[in-house]
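Protein chains: 2
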Amino acid sequence: MSTPPSRWSEMAGKPVQDIDTPSLVIDLDAMKRNLGRMAEFAKKHNIRWRPHAKLHKSVALAKMQVKAGAVGVCVQKTAEAEIMVAGGVHNVYISNQVIAPAKLARVARLAQKLAVQGGGQLAIAVDSSEGVIRLAQAMTQARINAHAGSSVGTVIDVFVEVDVGQGRCGVEPGSAAVTLALEIRKHPALRFAGLQAYHGKAQHLRTAQERRVAIASAVAAVVLTRELLQAQGIEVGLVTGAGTGSLVLEAASGVYGELQAGAFMFMDADDARNERDPAQPQFEHALFVKTQVMSSHSDHAVCDAGHKSHAIDSGLPLVHALDPGSELEYFNGGDEHGILRPAAGCTRLPGLGQMLWLIPGHCDPTVNLHDVMIGVSGGLRQGTVERIIRVDARGAMS
Amino acid sequence: MSTPPSRWSEMAGKPVQDIDTPSLVIDLDAMKRNLGRMAEFAKKHNIRWRPHAKLHKSVALAKMQVKAGAVGVCVQKTAEAEIMVAGGVHNVYISNQVIAPAKLARVARLAQKLAVQGGGQLAIAVDSSEGVIRLAQAMTQARINAHAGSSVGTVIDVFVEVDVGQGRCGVEPGSAAVTLALEIRKHPALRFAGLQAYHGKAQHLRTAQERRVAIASAVAAVVLTRELLQAQGIEVGLVTGAGTGSLVLEAASGVYGELQAGAFMFMDADDARNERDPAQPQFEHALFVKTQVMSSHSDHAVCDAGHKSHAIDSGLPLVHALDPGSELEYFNGGDEHGILRPAAGCTRLPGLGQMLWLIPGHCDPTVNLHDVMIGVSGGLRQGTVERIIRVDARGAMS
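Protein chains in written order, with numbering that gives the first Met the number 0: chain B, 0 to 397; chain F, 0 to 397.
Accuracy of the hints is not assured; some may be wrong.
Just so you know, same-sequence chains aren't split out, so a pair can sit in one copy or run between any two.
When the alpha-carbon atoms are kept at most 25 angstroms apart in a straight line, the in silico SDA-like pairs for lysine to any residue are as follows [claimed, not checked]:
{"hint": "1", "residue 1": "Lys200", "residue 2": "Asp298"}
{"hint": "2", "residue 1": "Lys185", "residue 2": "Thr346"}
{"hint": "3", "residue 1": "Lys200", "residue 2": "Ser297"}
{"hint": "4", "residue 1": "Lys200", "residue 2": "Asp312"}
{"hint": "5", "residue 1": "Lys31", "residue 2": "Ser325"}
{"hint": "6", "residue 1": "Lys62", "residue 2": "Asp322"}
{"hint": "7", "residue 1": "Lys112", "residue 2": "Leu223"}
{"hint": "8", "residue 1": "Lys200", "residue 2": "Gly314"}
{"hint": "9", "residue 1": "Lys13", "residue 2": "Ala101"}
{"hint": "10", "residue 1": "Lys13", "residue 2": "Ala78"}
{"hint": "11", "residue 1": "Lys66", "residue 2": "Thr139"}
{"hint": "12", "residue 1": "Lys200", "residue 2": "Ala342"}
Don't read these hints as lab results, they were simulated from the structure.
Throw the hints in and build the complete structure from the sequences for me.
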């Protein structure tokens, strides 16, 4: 860890200029506006939202989301779920497959802990019969361990993941989902909760029209699958999915009952490259890497943030120009450096020691590189450090 | 942190099959062979080596390198230097510019600490007069703080960085380096130690011929600069540089006195894409992400390692096929997933729960994603966990 915790705690109240570089900084005002817009959007569309905590990995931000109206959070990893529950988040959905028996034992223990402690609820996704059977075995074993042989106990919510266009996990739409739902219903510790129908690829389609086509196809796949389930007398309690790039479409579908979008809190540079659907709330960039110029040249400057400070899987960061004439383009300078060249409108290259703000291409894996996020109120120019937000689940990949 | 430290300590002696996924695993036998090859190479060429600890960020591995003959380690960040020194590494070179006064104060304190504690030595690179002046101010202030006004004290070694083709930091070859050396010599707490001449781009040139041309050009730039310095009566104590991709050329140059190569310890998938120079030692892949199949389909499988488990800045990981017929290609599945499709020679897709080994495209930023590396001896098939190696400087970016 680069900075001892004691050093972080001393930062509260300090001016934004004093934040060391490179650091991950949240513009708290912008983030809270994003949160308010999402809450309002969900309310208006009368839809649940369970935002993805894989973005921020922070108990504090999860709780802030729940306070704003979210029903709980989604996570991708068992370890993330454990950390959220330990921090006091009571409704957690592992929107992903878990196959390893040792991990499923942890999932089952967590489901029990949630049920006992706070009247909370754990949910998980499946996409194979083997996955259902292993989950049921783990839940049964946890019941035995907890109740010394009693067969009553905690129930875990299970969503069948349907591949609605992502081409990654999930069963094909249609009868395969019915088979899995029937398998789930055989096991008393499992409750068939509905369908996981997330179209990840749609988030990165650039035009609103392309996204409409993709989500229309996802909706059709869900409707087909739901009809087959209903024909077997199986009700689909909830259809859950959607990311920030497409959420207006899932919300308007009449089929999805829950939005998982998470990125709206911070807004990636990559999200901002999409043509905005007019119905989408005006989310703002709220997460920045603060960096400074460490080497200055006639045709370029070099800053102290490379791809150990921000993830570049969805493209390089944008440079957030605070003043006219300071427009720069970021080029890859390796693990610890960024190369800055003049962009359109630029009248001068920044000098040695000048502070700059980068908008990460992809916030989720960027946050995962940092131990803390420094929350600033009052803006990036004149603001002060309000609080230090721990990335509780940084590196929680198991 | 995904796994509490107590859980790691219980892993020693366990079979490789029991390692949870995704995890970062070192094949210790292969790593030690790589280390032995590097030590032998350096000895044969009568050249110092100060491997870059930005790769492994581990005090234990730094000490292992010193034991094998390295003079110390290079780092890129002040925080990395602090962690190495705190761990007992006595010769540390920050092969990078440091500009922020608060960081330079830390650098100066560290130089003093090293000099006092272990007769150690700190070194740093500069590429601007402003950088030299700020460094000198910090060193002077640290002397005043330590000696209550005495002007005697610790000296820091300062290398002038010359841009020998990287196009990032460094002054132009020639007179600009002389200007900086003269500036350094004005300050009693600074000692001009030589030239930093690292050609990063050359590491990624695919053919041996392209690398020969690039390093020949770097050598010419160094020779020119050295002649100008000597004409001013300034001796160049040491020329330092070289990465794993080009080290045979710097070693044979007669100009470079020190190799900074670090990647040889683990060998990136990207390094292995280079045409090997016949003179280069046969370094092996020694770092792997252990992953398992979590979702199985007719035309692909999905594993539980995405780009939160390994860095993809230098390309996607290779799948290390332990058995004939199991050849797979890895496709980007996002933050937490990898998509696997059959590669040439593949006769079957892996089933649910099957363990796989990924060779990261770029090891440096991959290591930075993990809290520990699990050291295995006896190979990836039948081996056992020998030790857990902490990534002490994970996230140390300040």
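To see whether the hints hold, each was checked on the structure:
1. Lys200 with Asp298: Between copies only: 18 angstroms across chains, 38 angstroms inside a chain, cut-off 25 angstroms.
2. Lys185 with Thr346: neither (69 angstroms within a copy, 35 angstroms between copies)
3. Lys200 with Ser297: Between copies only: 20 angstroms across chains, 41 angstroms inside a chain, cut-off 25 angstroms.
4. Lys200 with Asp312: both (14 angstroms within a copy, 20 angstroms between copies)
5. Lys31 with Ser325: Neither: 27 angstroms inside a chain and 49 angstroms across chains, both beyond 25 angstroms.
6. Lys62 with Asp322: Neither, since 35 angstroms and 47 angstroms both go past 25 angstroms.
7. Lys112 with Leu223: Neither way: Lys112 and Leu223 sit 36 angstroms apart in one copy and 70 angstroms across, limit 25 angstroms.
8. Lys200 with Gly314: Both. Shortest intra-copy (16 angstroms) and inter-copy (20 angstroms) distances satisfy the 25 angstroms Cα cut-off.
9. Lys13 with Ala101: between (45 angstroms within a copy, 15 angstroms between copies)
10. Lys13 with Ala78: Between. Shortest inter-copy distance 21 angstroms satisfies the 25 angstroms Cα cut-off; intra-copy 33 angstroms does not.
11. Lys66 with Thr139: For Lys66 and Thr139, the Cα distance exceeds 25 angstroms both inside one copy (34 angstroms) and across copies (52 angstroms).
12. Lys200 with Ala342: between (30 angstroms within a copy, 24 angstroms between copies)
Checked against the numbered hints above, the structure violates hints 2, 5, 6, 7 and 11; every other hint is satisfied.
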